[in-house]
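Asker: Using the hints provided, position chain B with the ligands relative to the given structure of chain A.
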Amino acid sequence: MNILVCISKVPDTTTKISFTGNNSTFNESGVQFIINPYDEWYALVRAVEIRESLGGEVTVLNVGRAENEQIIRKALAIGADKAIRVDADPRDALYVARQIAEQAKVGNYDMIMLGKETIDYNGSVVGGMVAEMLNLPYISLASNLQVDGKTATLVRDVEGGKEVLQISMPFVTSAQKGMAEARIPNMRGIMMSKSKPLAIVPPVEVSGLSQVESFQLPPEKGHVKLVAPDNMDELVRLLHEEAKAI
Amino acid sequence: MSVLVYAEFVDGRPKKSTLEAVFYAARVAEKLKTSAVALTIGPADASDLAALGQYGVARVLHAVDARLVQFQSRAYSRLISEAALKEAADVVVLLHNANGKALSGRVAVRLEAGLVSGAISLPDITSGFHLDKPVFSGKAFAKINISSAKKVISLNPNSLKPEAGSGSAEVVPFSIDLQESDFDAKLVSRESVTNGVVPLPEAELVVSAGRGLKGPENWGIIEQLAESLGATTACSRPVADTGWRPHHEHVGQTGVAIKPNLYIAIGISGAIQHLAGVNQSKTIVVINKDAEAPFFKAADYGVIGDAFEVVPRLTEAIRRFKNS
Ligand SMILES: Cc1cc2nc3c(=O)[nH]c(=O)nc-3n(C[C@H](O)[C@H](O)[C@H](O)COP(=O)(O)OP(=O)(O)OC[C@H]3O[C@@H](n4cnc5c(N)ncnc54)[C@H](O)[C@@H]3O)c2cc1C
Ligand SMILES: Nc1ncnc2c1ncn2[C@@H]1O[C@H](COP(=O)(O)O)[C@@H](O)[C@H]1O
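Those protein sequence lines, which keep their order, are chains A and B.
Under my numbering, residues 1 to 246 are what the first sequence spells out, in order.
Under my numbering, residues 247 to 570 are what the second sequence spells out, in order.
Looking at chain A on its own, in the form it has when it is part of the complex (with noise of 0.2 angstroms):
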């Protein structure tokens, strides 16, 4: 089995977001990265334990910068056998797409996996493009996969549901909860990550079709109001007459 496994830089979840620039670009002063938890909680870990159990090689892919490395041998160490770096920055999520779409296709992978979104930017929308750009079919937000031969079966959860599928391969697929169990690396794997292969290659041109113009963070709560908790006949009211919730 040969699987790529796609995966972003995002910041830590515990990260307080602010902006510099005029709210034009996001603070990343004092901020921790890491891989996002999607890609590697689910994707990253269920891609490793198919290799684990059918054999083959799980590839790591990454469009950012030289300080990606971090996170790039964070994914070597929970067992990814090899990683490439698309050596450029992340600008849209069209761009990101063309960047994986061209490795892919050179890469003969059976299955490409990604995350359900990335925490930052929340599109969940490379893993469709990708699959555009390939002609392959997508099965989105994937709770479960198991592989039987050249075919898949996947649980994709919709709302208020879920759908079991089967697909041959090749495909794409985005991941997320259920899945896998994260998994925290151990000595052997962060001393067996550092001669992983890592091979940095050049980005491919593409026009930007959309550009972050400014953020803005959400207007402060006013103070809370509280009631009485022998009085949830107020509360009824508040909610009815005043937040109009009810």
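Hints are supplied without guarantee of correctness; some may be wrong.
Said to hold, decoys possible - Anything over 10 angstroms on all C-beta distances counts as not near chain B; from chain A, calculated:
#1 N2
#2 G21
#3 E52
#4 E67
#5 Q70
#6 K82
#7 D87
#8 A88
#9 D89
#10 D148
#11 G149
#12 G189
#13 I190
#14 M191
#15 L198
#16 P202
As the list claims (entries may be wrong) - So, partial list: chain B residues that the calculated Cβ filter (under 7 angstroms) puts toward chain A:
#17 V355
#18 F382
#19 S383
#20 K389
#21 S394
#22 S438
#23 A544
To be verified - Simulated restraints on C-beta separations:
#24 A395(B) to S29(A): 37 to 45 angstroms
#25 V201(A) to G411(B): 53 to 61 angstroms
#26 I200(A) to G413(B): 56 to 64 angstroms
#27 G411(B) to K244(A): 17 to 25 angstroms
#28 S293(B) to K244(A): 29 to 37 angstroms
#29 A537(B) to S29(A): 30 to 38 angstroms
#30 S412(B) to Q32(A): 51 to 59 angstroms
#31 N569(B) to S29(A): 50 to 58 angstroms
I should point out that these hints are in silico values taken from the structure, not numbers from a laboratory.
Glycine residues also receive a C-beta, built at the ideal position from the N, C-alpha and C atoms.
Answerer: Same frame as chain A, now just chain B with the ligands:
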């Protein structure tokens, strides 16, 4: 030029968010001084299709094919893209929901269109084509400009309230030359996990509980409160991780992101990762016995007290209110 909206029907009926998308597309068209047309794929009641006219579309294209009863990302995205070309649509609107997320990227690539996914605003077209969307899992918003001639917008559910007017849409059959290869996924089975309750991403009222409830055996009071309101239940991550509640109830940065009118958080401390997924709720009520719980800072209304006493009282109060 026109605006095309993919009007999703599920089990033959439009969803609430479908009406939002149609209404939104009609408003976009109004801004661009053009008209909006809808596309529906698969089984749909003729009167429901015509009724989309109440939300501002004059025509509904309807694609019917025995193979289109099941969602298929390739076939559906081809239909949407080709309808856009046929209607000379410069803007395509879809929903940022499970199916929409499988389609929007494909449609954008097919049309060579710039895409904003999860938009919450109408486009500002004073200079460019600007849309607002939540980023950093709801911790901030970004204003994004689409610079390409063609544009794809996926709209976050619960971003606007559709207003029904009068009007009836003309329903026009629509078909393209679909290939067997467009139907690549074989549906083995389908299962509902919510037993008829509104699914979380679409819910207007949500009752959510955390570790403060002590154990799964205590969820009765949460379910009764939800039932009294007609609300959907949710939970914090550790509650889902320990199996007290099913995974699909997990809200937050690494779970479902929601945007209801009312979010009632019970026995949840209000960790930053939890808040990220829920802080777009219009009104937040926090019930917690610890006056120092961080969640109170993000709340509109707070009750400092023991959930096991407060929640049944709230349920009673709501029942009284509903019966009055
Ligand atoms: C990478 C990462 C991602 C994460 N993603 C998410 C996410 O998506 N969603 C999420 O929810 N969490 C997430 N978390 C976990 C998050 O950090 C918190 O640990 C979690 O939200 C806490 O859950 P809780 O509030 O239910 O439990 P606790 O923090 O233990 O809080 C329980 C609360 O209940 C109150 N309480 C206790 N007894 C009573 C009583 N009788 N009556 C009333 N109140 C009572 C307590 O005062 C306390 O405030 C994430 C963490 C990490 C590291
Ligand atoms: N810079 C990147 N490099 C590699 N993969 C990425 C990158 N950005 C996004 N992805 C992948 O695309 C998925 C969806 O991203 P998005 O559409 O931005 O939410 C992520 O979970 C990753 O698997």
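Asker: Evaluate each hint against the coordinates.
Answerer: Taking the hints in turn, this is what the structure says about them:
1. N2: For N2(A), whose nearest Cβ neighbour in chain B is about 20 angstroms away, the distance exceeds 10 angstroms, so it holds.
2. G21: 14 angstroms, holds
3. E52: E52(A) clear of chain B: closest Cβ-Cβ about 23 angstroms, beyond 10 angstroms.
4. E67: With a cut-off of 10 angstroms, E67(A) remains clear of chain B, as the shortest Cβ separation is near 19 angstroms.
5. Q70: About 21 angstroms separates Q70(A) from the closest Cβ of chain B, which puts it past 10 angstroms; holds.
6. K82: 27 angstroms, holds
7. D87: 23 angstroms, holds
8. A88: 19 angstroms, holds
9. D89: 16 angstroms, holds
10. D148: 12 angstroms, holds
11. G149: 15 angstroms, holds
12. G189: 23 angstroms, holds
13. I190: 24 angstroms, holds
14. M191: It holds; M191(A) is separated from chain B by about 29 angstroms at its closest Cβ, greater than 10 angstroms.
15. L198: 27 angstroms, holds
16. P202: Its Cβ never comes within 10 angstroms of chain B, the nearest being 22 angstroms, so this holds.
17. V355: Check passed: Cβ of V355(B) comes within 4 angstroms of chain A, closer than 7 angstroms.
18. F382: 5 angstroms, holds
19. S383: 5 angstroms, holds
20. K389: 5 angstroms, holds
21. S394: 4 angstroms, holds
22. S438: Holds: closest Cβ of chain A sits about 5 angstroms from S438(B), inside 7 angstroms.
23. A544: With a minimum Cβ separation of about 6 angstroms from chain A (threshold 7 angstroms), the hint on A544(B) holds.
24. A395(B) to S29(A): 37 to 45 angstroms: Since the Cβ atoms of A395(B) and S29(A) sit about 38 angstroms apart, the hinted range of 37 to 45 angstroms holds.
25. V201(A) to G411(B): 53 to 61 angstroms: 54 angstroms, holds
26. I200(A) to G413(B): 56 to 64 angstroms: 58 angstroms, holds
27. G411(B) to K244(A): 17 to 25 angstroms: This hint holds: roughly 23 angstroms between Cβ atoms.
28. S293(B) to K244(A): 29 to 37 angstroms: 31 angstroms, holds
29. A537(B) to S29(A): 30 to 38 angstroms: 33 angstroms, holds
30. S412(B) to Q32(A): 51 to 59 angstroms: 56 angstroms, holds
31. N569(B) to S29(A): 50 to 58 angstroms: At 56 angstroms between Cβs, range holds.
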